[in-house]
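Assemble the whole structure, with the sequences as input and the hints as a guide.
Protein chains in written order, with the UniProt record's numbering: chain A, 1 to 95; chain B, 1 to 478.
Rather than coming from a laboratory, the hints here were simulated on the basis of the structure.
Predicted model, so just to flag it, every value in this text is computed and none were measured.
Wrong hints could be hidden among the right ones.
Now the in silico label distances, taken between C-beta atoms and shown as ranges [stated by the list, open to error]:
#1 A:48 x B:1: 50 to 60 Å
#2 B:188 x A:23: 39 to 49 Å
#3 B:31 x A:62: 17 to 27 Å
#4 B:188 x A:46: 40 to 50 Å
#5 A:9 x B:254: 36 to 46 Å
#6 B:29 x A:84: 19 to 29 Å
#7 B:28 x A:39: 48 to 58 Å
#8 B:275 x A:23: 19 to 29 Å
#9 A:23 x B:255: 42 to 52 Å
#10 A:45 x B:239: 48 to 58 Å
Under the rule of at most 30 Å between Cα atoms (straight-line distance), these lysine-lysine pairs were calculated in the DSBU-like manner [stated by the list, open to error]:
#11 B:214 x A:92
#12 B:447 x B:476
#13 A:92 x B:79
#14 B:129 x A:92
#15 A:92 x B:88
#16 B:79 x A:9
#17 B:387 x B:412
#18 A:9 x B:88
By construction, the Cβ of each residue, glycine as well, lies at the ideal position given by its N, Cα and C atoms.
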Amino acid sequence: MTLSLDDVKRVASLARIEISEDEAQQMLTQLSGIFSLIEQMQAVDTSGIEPMSHAQDMMQRLREDVVTESDQHLLFQSVAPQVEAGLYLVPKVIE
Amino acid sequence: MQWEIVIGLEIHAQLSTRSKIFSGASTAYGAQPNTQACGIDIALPGVLPVLNYGAVERAVKFGVAVGAKINSPSIFARKNYFYPDLPKGYQISQYEIPVVEGGSIKIQVGDAEKTVRLTRAHLEEDAGKSLHEDFHGMSGIDLNRAGTPLLEIVSEPDMRSSTEAVAYAKALHTLVRWTGICDGNMQEGSFRCDANVSVRPRGTETLGTRCEIKNLNSFRFLEKAIDFEARRQIEILEEGGHIRQETRLYDAQRDETRTMRSKEDAHDYRYFPDPDLLPLAISEEWIEQIKASLPELPEVRRHRYIRDFGLTNYDAGVLTSAREMADYFEMTVKQLPMQAKLCANWIMGDVSGRLNKENIEITQCPVSPGQLAGLLLRISDGTISGKSAKDVFESMWQGEQGGDADAIIAAKGLKQISDDSEIERLIDEVLATFPQQVADYRSGKEKAFNSLVGQVMKATKGKANPGQVNSILKKKLE
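Below, the structure written as C-alpha cells:
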C-alpha cells in the first residue's frame, strides 16, 4: 500500500494536528517507511495461526464495581487554561 | 406507488453500575460539574482503564435474556474522533467482536406478535456533555458523564412502521428495567434511541438509501420523527429525486428532521483494537450463573397470565410492561385467584389512574396488594356495589381505618342491602309513591321501568344490588 500526501493531510486533519507542507512531506517519508515494514511482516506465512487482538496472550482482568475515586476537580482544573462554574471552557464547537 | 418503510434502531442503554466502565468514579446523576470525573475519565497522561465487572455482568444478562450468543473473547476498540467532550480523542467501544451477538425480542402490535432480530449489543463508554450556553462565546465542558457504561443495542432492519418501532423500543425499555441492568430514565438520558429509516417500493427486496435520525429521547418523538422522515423520503422519490445518505437531527419543536452531516463528511473513525485493554473472556460457568439469576422474563409472564388467568393479550401486555406492576398484580391475584380479570381491571384502571394523578410509582402505592384484594373480595361477593367500591378505594388511599376495606365499609355503612324483604319493602313504597310510572310500564312503556329502578336505588342510597332490585321489581310488576 502506498500512502499519498493527501492521506497524510487527511489523517492530520481528522486528528486535529496542524502540520506544515514540509512536515507533511517528512511525515509521508516516515510513514511510508513504516508501511514498508508492515509489508515485510505481511509477507510472513501466518496461515493456521489464530489472530491475536493484543500483543500479550492474556485476558482482561475485571475490577469490582465500587466507587474508589474522590473529587479532585480543583486540582485537575488548576492546569486548565480556562474554567468557569466548574466547567472547562473551550472554543465553541457545535456539531 | 405503494411504499414500505424499513426501520432499524440503535438504542443506548446506560448500565446501572455504581462506578464507571473503566474507572472508579461515581456514575450518580446530577452531581456538580466535573466532580465525578477522575484522571482516567479526563484522560490524564499515564492512566490505564480497568474494566468494571458490573458492566460486563449486565451486558451478559441482557444477552442471555434475548437469547443471544455471548462472545468470548470479545474485543475493545478505539473509535477515533475529535470533539471537546471526548477527552482522549477516542471512545472505547467494541467493533469487530462485540460481547453480545444476535438474539431477538418479541413485540406486540395490536393483537399480533412479531419477532425483531438483534444484530449485536456492545459495551462502550459515554462521552461528556458540552454546554453551549454563552460562556463569553465559549462552550462549557462537564465530564461527569464521560466513562459512564453504555450498552449499545443494534436491531436488524425488521420494523415496518413507526408503531412497530415504538413497540420494539418499549419492549426493550421494559426488558432492561425488568432485568435491572438500566434504570430506563429517558429524561436523564439513560435510554436513548437513534433510528435508521429508509423506504422502498412495496414488494421489492433491496433496501433503499437510509438516513439516521439522532436525538430521539421519548417514544412520542421516535414515532413522530420516523413518520416525518418516511414522508420526506417518499416525497423526494415520487418527484424523481434521490435520497442522500446522511445523519439527521429531530427537532421536536418544529416536528421535523434536518441534516446534521452528510455521508461525504461522515466520520472516519479509524477503529483499531485498544492496546490498553486485553480481550474480554467470559466463562461458561459465569454465563450459566447469570442465566440462573434472571427473573421470569416479561414475555414469559405475559403468556402465563393469558394461559393461567385467562387475561386478554392486551391486559397481560399492560400488566407486564413493568416488573413492579406485574408483581403488584400477582400479589393481589394470589388472594383472589378466581377474580384475575377484576384484579387486572382495578390495577390498570383505578390504581394506575390514581398513581398517575399523584405522579408516583406503584412501589409507592399507599394501598397494598393485600388491602386491594380485601376490597375486591367485597365487590366479588356482592357486599358492596362497584360504585361504593370507588369510595372505599379512595378512603383506603387516604389511609382511613388502617386501609382495611371491611372496616371502611362498616364505618361508612356502605354494605349493600341484600336482604330480599328489606328491598321488597322499599320497592312497595316506591310503587305506592309513583303510580303513574307503574301505569306507564304496564301500558307498555319500557322506559318507565328504568325510572322506577332509579327511584328504588335512590331510596336505598345506592346500597342495593341493582340486579336484585331489577328482578324483584319485575316480579312485582307482573
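So, going through the hints one by one against the coordinates:
Checked against the hint of 50 to 60 Å, the pair residue 48 of chain A and residue 1 of chain B passes, with Cβ atoms roughly 53 Å apart. For the pair residue 188 of chain B and residue 23 of chain A, the supplied restraint of 39 to 49 Å holds, since their beta-carbon distance comes to about 45 Å. A hinted range of 17 to 27 Å holds for the C-beta pair residue 31 of chain B and residue 62 of chain A, which are about 25 Å apart. Range check, residue 188 of chain B to residue 46 of chain A: about 48 Å between beta-carbon atoms, so the 40 to 50 Å window is met.
For the hinted restraint 36 to 46 Å between residue 9 of chain A and residue 254 of chain B, the CB-CB distance of approximately 38 Å keeps it satisfied. Between residue 29 of chain B and residue 84 of chain A the CB atoms are about 22 Å apart, so this pair conforms to the stated range of 19 to 29 Å. Distance hint check: the CB atoms of residue 28 of chain B and residue 39 of chain A are about 51 Å apart, consistent with the given range 48 to 58 Å. Taken as a hint, the range 19 to 29 Å holds for the pair residue 275 of chain B and residue 23 of chain A, whose Cβ atoms sit roughly 26 Å apart.
Between residue 23 of chain A and residue 255 of chain B the beta carbon distance is about 49 Å. The supplied range of 42 to 52 Å therefore holds. The given range of 48 to 58 Å is respected by residue 45 of chain A and residue 239 of chain B, whose C-beta atoms sit roughly 57 Å from each other. Proximity of residue 214 of chain B to residue 92 of chain A is assessed by CA-CA distance (about 21 Å); at most 30 Å being required, the pair is judged to hold. Among the hinted pairs, residue 447 of chain B with residue 476 of chain B is consistent with the structure: their alpha-carbon atoms are about 17 Å apart, no more than 30 Å.
Annotation: proposed proximity of residue 92 of chain A to residue 79 of chain B holds, straight-line Cα distance about 23 Å (limit 30 Å). A hinted pair counts as satisfied when its Cα atoms are at most 30 Å apart, and residue 129 of chain B with residue 92 of chain A qualifies at roughly 13 Å. A threshold of 30 Å between alpha carbons decides the hint, and for residue 92 of chain A with residue 88 of chain B the separation of about 18 Å falls inside it, so the pair holds. Note on residue 79 of chain B and residue 9 of chain A: the hinted pairing holds, with a Cα-Cα distance of about 19 Å set against a maximum of 30 Å.
For the suggested pair residue 387 of chain B and residue 412 of chain B, the alpha carbons sit about 14 Å apart, so the restraint of at most 30 Å is met. For the hint linking residue 9 of chain A to residue 88 of chain B, the alpha-carbon distance of about 21 Å falls within 30 Å, and the restraint holds.
The structure is consistent with each of the numbered hints, conforming to all of them.
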